[in-house]
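Chemist: Sequence:
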Amino acid sequence: MDIETPLRLPEAFETGIPSVDAEHRDLVATLNGCLRAHDGENISNFENRLGRFIAELRLHFVNEEMLMKDAGYPGLEKHARHHQAWIEELRGLLDRLRERGAADQKDVVAFFQRLIADVSKADIKFVEYLWSHDKFDDFKDR
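Residue numbers (the numbering used here): 239 to 380.
Careful, some of the hints might be misleading.
[What the hints assert, rightly or not] When the alpha-carbon atoms are kept at most 30 Å apart in a straight line, the in silico DSSO-like pairs for lysine-lysine are as follows:
| id | residue 1 | residue 2 |
| --- | --- | --- |
| 1 | LYS373 | LYS344 |
| 2 | LYS359 | LYS307 |
| 3 | LYS344 | LYS363 |
| 4 | LYS378 | LYS316 |
[As the list claims (entries may be wrong)] The following label-pair restraints were derived from C-beta to C-beta distances:
| id | residue 1 | residue 2 | range |
| --- | --- | --- | --- |
| 5 | ARG352 | PRO312 | 19 to 29 Å |
| 6 | LYS373 | ARG296 | 32 to 42 Å |
| 7 | LYS316 | ASN283 | 15 to 25 Å |
Everything labelled a hint here was simulated from the structure, so no lab data went into it.
Ideal Cβ positions, reconstructed from N, Cα and C, are used throughout, including at glycine.
Could you put together the complete structure from these sequences and hints?
Modeler: Following this line, the structure appears as structure tokens:
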């Protein structure tokens, strides 16, 4: 697998909340950095690079959950459990890559696909809640 074009989130997955969308773009940029570190066979320094992604993702989840709390989002507890499960899943994947001793583009794409799934399902539900409860305007500048 050789990826020549950078990964990017489709515009349809933008939430309209500037801080959330910026963090999503930053997460994708971190994954693109992993892809640029591909030496034709493996990703150099993959443990630090993918570990950084997980750390950035945790911070993003904290920020996102604070927004949900501020909005009185009834799905916050479920969403937070979903976040925790994803972090554990990614840590498990990173542990397996460490055992293997290498990571390649396919592994980075797996992280990206998981990000796409999260944004397209869980985050969009939160935005739908904001719109349906006339709260979106309170968050469009955050």
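Chemist: Now tell me, hint by hint, if it's right for this structure.
Modeler: Comparing the hints with the structure gives:
1. LYS373 <-> LYS344: 39 Å, violated
2. LYS359 <-> LYS307: 18 Å, holds
3. LYS344 <-> LYS363: Cα-Cα ~28 Å, so holds.
4. LYS378 <-> LYS316: 23 Å, holds
5. ARG352 <-> PRO312: 19 to 29 Å: 25 Å, holds
6. LYS373 <-> ARG296: 32 to 42 Å: With Cβ atoms ~25 Å apart, the hint is violated.
7. LYS316 <-> ASN283: 15 to 25 Å: For ASN283 against LYS316, whose Cβ atoms are near 35 Å apart, the range 15 to 25 Å is violated.
Hint violations for this structure: numbers 1, 6 and 7, all remaining hints satisfied.
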